[in-house]
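Engineer: Chains G and Z supply the protein sequences, listed in that same order.
Its first residue numbered 433, the first sequence is counted upward by one per residue in our numbering.
Its first residue numbered 530, the second sequence is counted upward by one per residue in our numbering.
Treat the hints as calculated values from the structure; they're not laboratory data.
Being a predicted model, the structure only gives us computed values, none of them experimental.
Where is the CB? At the ideal position from N, CA and C, for every residue including glycine.
Watch out, some of these pointers could steer you wrong.
Beta-carbon label-pair distances, calculated as ranges [as the list claims (entries may be wrong)]:
(1) 607/G / 782/Z: 33 to 39 Å
(2) 663/Z / 706/G: 45 to 51 Å
(3) 714/Z / 648/G: 20 to 26 Å
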Amino acid sequence: MKRALITGITGQDGSYLAEFLLEKGYEVHGIKRRASSFNTERVDHIYQSPHAGSKRFQLHYGDLTDTSNLTRIIQEVQPDEVYNLGAQSHVAVSFESPEYTADVDGLGTLRLLEAIRFLGLEQKTRFYQASTSELFGLVQEIPQKESTPFYPRSPYACAKLYAYWITVNYRESYGMYACNGILFNHESPRRGETFVTRKITRGMANIAQGLEPCLYLGNMDALRDWGHAKDYVRMQWMMLQQETADDFVIATGQQITVREFVKMSAAEAGLEVEFSGEGIDEIATVTGVTDHERAPEVSVGDVIVRVDPRYFRPAEVETLLGDPTKAKDKLGWECEITVEEMCAEMVANDLEQARCHALLKLHGHSVSFAVE
Amino acid sequence: MTSNFQLHSSNAPPPLALITGITGQDGSYLCELLLSKGYVVHGLVRRNSSTTRARLDPIFQDKEVYGKRLFLHYADLDDVTTIRRLLTKIQPDEIYHLAGQSHVGTSFEIPESTCEFTAMGTLKLLEIIRDLAKRPRFLQISSSEIFGRPTASPQNEHTPMRPVTPYGVAKAFATSMTCLYRESFDLFACNAICYNHESPRRGESFVTRKITQAAAAISVGLQDKLKMGSLDARRDWGYAPEYVVGMWQILQQNNPDDYVLATGVDHSVQEFLQTAFEAVGLDWKDHYEVDQRFIRPAEVNMLVGDPSKAWQRLGWKPQSDLASIVRSMVDADLLLINRNRFPNCAVASQAWTSPPNASSGKS
């Protein structure tokens with residue numbers, strides 16, 4: 433039985449990857465940080481009690497800033513594959529907390545590679561590094577492929593750039609099977625609530641159910657290449673099953689603006705909207721309600737999206753579009769879920785939660801939920 | 530005794546500079562340069578059980594300087610609170626960030642602390658500067674190692690980074706962060722992308738210094754063989770005292786920008802070896818032995834810089850050729866050997882540490 437170790441197992445990708453690997457027959461180990469509140473809701477459904485018989489899914493307390501702890505876990509697990517998905521993964525937050533971001537995202541990767549080397553597992557353990565399209569930042573060509581020069585535009589991207597190169601360096605210097613998946617944005621109902629897609633689908637669902645009046649966004653002109661996380665974790669696994677290690681761009685090859693994603697999400701929530709105004713005065717107004725069951729609390733003429741300059745980044749990344757040709761040609765990987773299907777799944781999920789909240793509210797319970 | 534370093538005669542307060550890595554090769558030359566230009570210089574130093582700061586000795590001996598125009602402070606690069614306190618108090622006009630784990634070969638042995646000091650140290654400084662009421666100009670000393678295995682030759686400011694050593698990867702990170710803080714937070718933050726630059730003060734574990742020391746030692750019969758790694762690697766070698774002039778010039782421009790500092794000429798390690806042994810009248814082939822231990826896991830091959838932007842915008846142009854650099858190093862190493870043999874010979878210690886007369890460029 434193959435053993436995999438996943439950092440960031442409690443996140444979106446980690447949870448999908450854990451499910452995928454368990455289906456493939458792996459024994460899956462994950463690293464999670466200690467916190468005073470539970471943070472495992474994405475993997476709770478696959479969690480197995482340590483008191484039960486089979487233990488194909490195990491969590492370890494750990495932290496990417498703790499070298500000895502990482503070394504100890506890898507020693508104990510003796511993994512065939514390590515997937516480094518753990519990171520401070522929010523671009524805007526990285527401007528507020530650059531040092532922590534660099535420590536976890538950049539140095540954390542090095543600590544894992546060093547632990548593998550120290551334990552003499554270079555020939556056994558294959559290493560996957562979650563690289564990102566943010567490396568391309570101020571894009572040097574369109575679309576971006578494996579050979580496109582990088583131009584990072586955030587502390588997050590700079591830290592990920594370090595991680596990218598140190599992964600390449602350990603492959604070249606020590607013959608390790610170590611690869612980078614340069615993943616473009618990938619979303620799902622499990623996406624963190626502060627990421628723009630989830631913020632939008634959740635916002636539309638809450639507005640439709642009368643829980644929030646208006647959604648505030650930053651740069652709506654930003655163009656992104658959005659795929660479904662489920663498709664992308666399959667590719668992460670495929671990258672580690674090849675004869676030789678290599679780096680791949682993982683993307684859909686299609687892009688839309690944030691504004692278009694808002695429209696798409698609104699439609700799924702039963703709303704037609706129209707954008708007007710420019711810059712920080714841009715608004716979206718409801719022009720029609722197509723589904724009164726989904727959106728019982730909204731009227732034509734309601735302004736449901738506004739711009740808040742707080743969400744502008746110090747350095748904007750205007751456009752990201754990936755070219756997944758190499759992944760298709762060499763590994764036969766193809767994206768199966770379209771952005772429309774993904775958006776529908778996300779809104780449906782958020783509507784379900786919003787209905788629960790609305791129902792509680794109707795029965796006099798006070799409902800508070802994080803909006804930031 | 531009059532000081533080598535005169536203050537500005539005007540009534541304006543002298544400019545304040547802070548140097549990290551002041552005890553190193555570049556830091557010591559830069560310190561001398563800034564003092565000669567009338568600066569008050571603050572340096573950060575690490576606490577160490579031995580307090581030899583040989584490169585700064587001539588300045589320490591100048592009674593008009595140390596404690597009056599040159600101040601050293603204890604602060605490690607990972608000690609954010611101390612550095613923040615010092616910067617808030619000193620309020621420098623310019624920061625020259627030279628400190629780092631600067632040895633490429635060693636970075637394979639201690640990659641984590643290399644990243645901690647070389648990359649994270651830069652980020653921590655940028656973060657503190659971002660919060661200061663009076664933001665100093667900031668120079669990050671980057672390295673040709675960020676190009677590693679370059680896609681183009683010679684390399685300029687637009688050549689994509691392609692590092693191949695833990696040191697190069699850390700420097701690429703620091704370089705990107707410096708650009709980012711310039712673009713995102715409007716800091717006057719610049720990179721000097723320096724190619725190899727040598728001098729008699731070069732650290733003894735670097736290949737060039739190892740060669741000149743060996744040539745000197747072999748010539749007086751103190752050593753027989755020189756064990757080294759590959760001789761094929763080609764490098765663009767300049768003279769350190771000229772490079773610190775370029776560093777200073779970068780911070781005197783109207784706008785912050787990145788500059789390659791290089792000679793534009795490359796030589797093989799073998800040529801360096803040959804030149805050093807010729808300087809003492811020997812044939813290198815009689816004394817060289819290959820040693821696999823010094824072959825790096827991922828060897829960098831062809832690094833040569835294109836300094837035309839520095840020439841056009843700063844008027845900076847290196848003057849010293851390889852032969853004169855090598856000779857200055859071999860001569861200094863010969864004098865050092867004599868000093869050790871004859872400890873009372875005062876001339877020798879001066880030769881190693883005396884301020885250079887090098888000047889460069891149009892300015």
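Engineer: Could you see if the CB distance from residue 714/Z to residue 648/G stays within 20 to 26 Å?
Structural biologist: holds, 24 Å
Engineer: Starting from the range 33 to 39 Å, see whether the pair residue 607/G and residue 782/Z falls in it by beta-carbon distance.
Structural biologist: violated, 45 Å
Engineer: Take a look at whether the Cβ-Cβ distance between residue 663/Z and residue 706/G falls inside 45 to 51 Å.
Structural biologist: Hint holds: Cβ distance 48 Å, inside 45 to 51 Å.
Of the numbered hints listed earlier, the single one contradicted by the structure is hint 1.
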